[in-house]
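**Q** So you can see what is in the structure, the chains are spelled out below.
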Amino acid sequence: MMGLRIFLPRDTTALALGAERVALVLDEEVQRRELTVDIVRNGSRGLFWLEPLLEIEQGGTRLAFGPMTATAVPGVLDALLSDPAGHPLYLGPTADISYLKTQQRLTFARAGTGDPLCLDNYIAQAGFAGLENALGLDSQEIVNAVTESGLRGRGGAAFPAGIKWQTVLDTPGEQKYIVCNADEGDSGTFADRLLMEADPYQLIEGMIIAGLAVGATQGYIYLRSEYPRAREILELAIARARAESYLGANIRGSGKAFQLELRIGAGAYICGEETSLLDSLEGKRGMVRVKPPLPAIAGLFGMPTVVNNVLTLAAVTTVLEKGGEYYRDYGTGRSRGTLAVQLAGNVLRGGLVELAYGATLRELVEDYAGGTYSGRPIRAIQVGGPLGAYLPESQWDTPLDYEAFAGIGAMLGHGGVVVFDDSVDMAAQARFAMEFCAVESCGKCTPCRIGSVRGVEVIDRLIAREAKEQNTALLLDLCDTMEAGSLCAMGGLTPYPVRSALQYFPEDFS
Amino acid sequence: MDDDTAAIITSCIEQYREVPGGLLPLLHAVQDKLGFVPPDSVPSIAKALQLSRAEVHGVISFYHDFRDVPAGNHVLQICRAEACQALGARALEVHAKSSLGVDFGGTTADGAITLEAVYCLGNCACSPSVRLDDQIHARVDATRLDELLADLGDAAG
Numbered sequence: 219m220m221g222l223r224i225f226l227p228r229d230t231t232a233l234a235l236g237a238e239r240v241a242l243v244l245d246e247e248v249q250r251r252e253l254t255v256d257i258v259r260n261g262s263r264g265l266f267w268l269e270p271l272l273e274i275e276q277g278g279t280r281l282a283f284g285p286m287t288a289t290a291v292p293g294v295l296d297a298l299l300s301d302p303a304g305h306p307l308y309l310g311p312t313a314d315i316s317y318l319k320t321q322q323r324l325t326f327a328r329a330g331t332g333d334p335l336c337l338d339n340y341i342a343q344a345g346f347a348g349l350e351n352a353l354g355l356d357s358q359e360i361v362n363a364v365t366e367s368g369l370r371g372r373g374g375a376a377f378p379a380g381i382k383w384q385t386v387l388d389t390p391g392e393q394k395y396i397v398c399n400a401d402e403g404d405s406g407t408f409a410d411r412l413l414m415e416a417d418p419y420q421l422i423e424g425m426i427i428a429g430l431a432v433g434a435t436q437g438y439i440y441l442r443s444e445y446p447r448a449r450e451i452l453e454l455a456i457a458r459a460r461a462e463s464y465l466g467a468n469i470r471g472s473g474k475a476f477q478l479e480l481r482i483g484a485g486a487y488i489c490g491e492e493t494s495l496l497d498s499l500e501g502k503r504g505m506v507r508v509k510p511p512l513p514a515i516a517g518l519f520g521m522p523t524v525v526n527n528v529l530t531l532a533a534v535t536t537v538l539e540k541g542g543e544y545y546r547d548y549g550t551g552r553s554r555g556t557l558a559v560q561l562a563g564n565v566l567r568g569g570l571v572e573l574a575y576g577a578t579l580r581e582l583v584e585d586y587a588g589g590t591y592s593g594r595p596i597r598a599i600q601v602g603g604p605l606g607a608y609l610p611e612s613q614w615d616t617p618l619d620y621e622a623f624a625g626i627g628a629m630l631g632h633g634g635v636v637v638f639d640d641s642v643d644m645a646a647q648a649r650f651a652m653e654f655c656a657v658e659s660c661g662k663c664t665p666c667r668i669g670s671v672r673g674v675e676v677i678d679r680l681i682a683r684e685a686k687e688q689n690t691a692l693l694l695d696l697c698d699t700m701e702a703g704s705l706c707a708m709g710g711l712t713p714y715p716v717r718s719a720l721q722y723f724p725e726d727f728s
Numbered sequence: 008m009d010d011d012t013a014a015i016i017t018s019c020i021e022q023y024r025e026v027p028g029g030l031l032p033l034l035h036a037v038q039d040k041l042g043f044v045p046p047d048s049v050p051s052i053a054k055a056l057q058l059s060r061a062e063v064h065g066v067i068s069f070y071h072d073f074r075d076v077p078a079g080n081h082v083l084q085i086c087r088a089e090a091c092q093a094l095g096a097r098a099l100e101v102h103a104k105s106s107l108g109v110d111f112g113g114t115t116a117d118g119a120i121t122l123e124a125v126y127c128l129g130n131c132a133c134s135p136s137v138r139l140d141d142q143i144h145a146r147v148d149a150t151r152l153d154e155l156l157a158d159l160g161d162a163a164g
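Going down the list, the protein sequences come from chains A and B.
Residues 219 to 728 in the working numbering are what the first sequence lists, from first letter to last.
Residues 8 to 164 in the working numbering are what the second sequence lists, from first letter to last.
To be clear, the hints were calculated from the coordinates, so they are not data collected in a lab.
Keep in mind that this is a model prediction, so the values were computed, not measured.
Think of the CB as a built atom: it goes at the ideal place given N, C-alpha and C, for glycine as much as any other residue.
Among the hints, erroneous ones may be present.
Facing chain B, according to a computed beta carbon distance under 8 Å, are these residues of chain A, among others [claimed, not checked]:
| hint | residue |
| --- | --- |
| 1 | L335 |
| 2 | L337 |
| 3 | D404 |
| 4 | A486 |
| 5 | V636 |
| 6 | C697 |
Calculated pairs, DSS-like style, for lysine-lysine (alpha carbon to alpha carbon, straight line, at most 25 Å) [stated by the list, open to error]:
| hint | chain 1 | residue 1 | chain 2 | residue 2 |
| --- | --- | --- | --- | --- |
| 7 | B | K40 | B | K54 |
| 8 | B | K40 | A | K502 |
| 9 | A | K540 | A | K319 |
| 10 | B | K104 | A | K502 |
| 11 | A | K540 | A | K474 |
| 12 | A | K509 | A | K319 |
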């Protein structure tokens, strides 16, 4: 049993499914059997339905077992010596699991392969190769590579990253900033969390590259407080990157500086909106700002600021490692590169699927998710978080592409796909959309602050079957006002789930 | 405010008064140490950061995380968001409220548990999710929630 390595994830989902109990028994059994093994606590590969996913590496191949339970540990260790494939939890070589094998992983290629805090593991898998290239380029050349890649913001708005970076580069400022939006508040999304927990150095590397590209020497990661495990990992990763001089006054002896600080949010969904996030970072209430001025021109503390989502900054490492053209070759239309789809809600096989843009929703929910967890038929799919439309089956052949989704009055957003079976009450979902907006509105725009409260009341009247025609007309009128009269997506897009529920599932309102 | 509390608040202020945009980290630090942000700490925080008391109060009241009274011994957050709704979070919410005898924001009479709503814990592939202090639990139904709460009781007893 020389050189045996066992991998057991310690990411939020694996822990939430009992990974620590598995780890405890594993330690006991390893000691009792006097095995020489190296137990690695890795990040997750994002195959969450198989968590805790235990992997045993033998002769260069990693064999997977899952979902593991504490009681199954002795049996798995026994089977390892005799007949691994005979064990009921045996899944075969990890690399051959079709859910994983068929993905096109660029950003998540390293996720789950090793200890997320091990710099050697990161570097052994091309970590910091993008940074190394960037250190040999001037600012404009780095921005050019990002522009050429066609990379668009992964947070939901899909704004071209190259244009944003160019604006910050071209705007004079005594102190520029890189702000990472890690306030991943949309229900059904966990890709940012997975990346931060499984491959935190990639985010750090992307932020350093962004700093070099625009001339910013200070970065902030604004992380939501609902992610305690990501916080622990990022704190350690930043400290280690600093100790190895990837961060600090002299990045790897280049003479270039980049400081990075982790800031924790305080439970406000609206702070995922970039201008509220900036206010929050400044120590204020997270109130949405009027644009213009764009944050790229007057952002944090009034200075030119890049605000990018976790996955946008992470993708930059691939762009700088392999070139803009390489990245652009993935995808379709104006949606270039890969999209991290997150399969969530009532799904049999929930998890992260990274694919080039262009796959259809149906392929995702049927081939990858395998239908519902409850075994009942799928009725509605909400794509793009709580501000995204609910789609009926007639829309599931829409390709995952920003423009295609906009074309059907929906949005791709951050790639969250939440599946509901036929027991869902769409009137209740529409009501929740308004209720959520009322709870989380920053309060700046009247249509959002008051309209959402009125929206709940009108939907309540519809649910009570009162004056259907008048209340429907009133609700649609309210949706128009919110869409047209709100500064940001919170008030402006809350009508999407409401309208789509009314349009596609009218039977739930009558 | 007793002397110990005042000393803690003073040390938090000293740690963050020069930090750009330091009010949120300062409030987090106070709450981490005391379990809440005492309303009578607002004047000293405001003065140190050259803000008005209204501004500091405004920040505390804006964010769901900050509390101006101590929580119970444990904080239980039930996710109310869509991915969890899709697998029974609404029923779980009803069960939690009735079995604990409190609404969201309330603390049980024995001071053991504060119940809160949360909107997404990022564990949406294995819903419904709850957070009990800093531990997130997946696939939680009424039975599982009762077990988690019973385990707390055992640990305390």
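**Q** Next step is simple, just say for each hint if it's right about the structure.
**A** Checked hints:
1. L335: Hint violated; L335 of chain A Cβ to chain B Cβ min 19 Å, cut 8 Å.
2. L337: Since the shortest Cβ distance to chain B is 25 Å, the answer is violated.
3. D404: Interface hint status for D404 of chain A: holds (7 Å vs cutoff 8 Å).
4. A486: The hint holds - A486 of chain A has a Cβ within 8 Å of chain B, the shortest such distance being about 5 Å.
5. V636: Check passed: Cβ of V636 of chain A comes within 5 Å of chain B, closer than 8 Å.
6. C697: Nearest chain B Cβ about 19 Å off; hint violated.
7. B:K40 - B:K54: Between K40 of chain B and K54 of chain B the Cα gap is close to 21 Å, so the pair holds against 25 Å.
8. B:K40 - A:K502: holds (21 Å)
9. A:K540 - A:K319: holds (21 Å)
10. B:K104 - A:K502: violated (33 Å)
11. A:K540 - A:K474: Holds, at about 22 Å.
12. A:K509 - A:K319: violated (43 Å)
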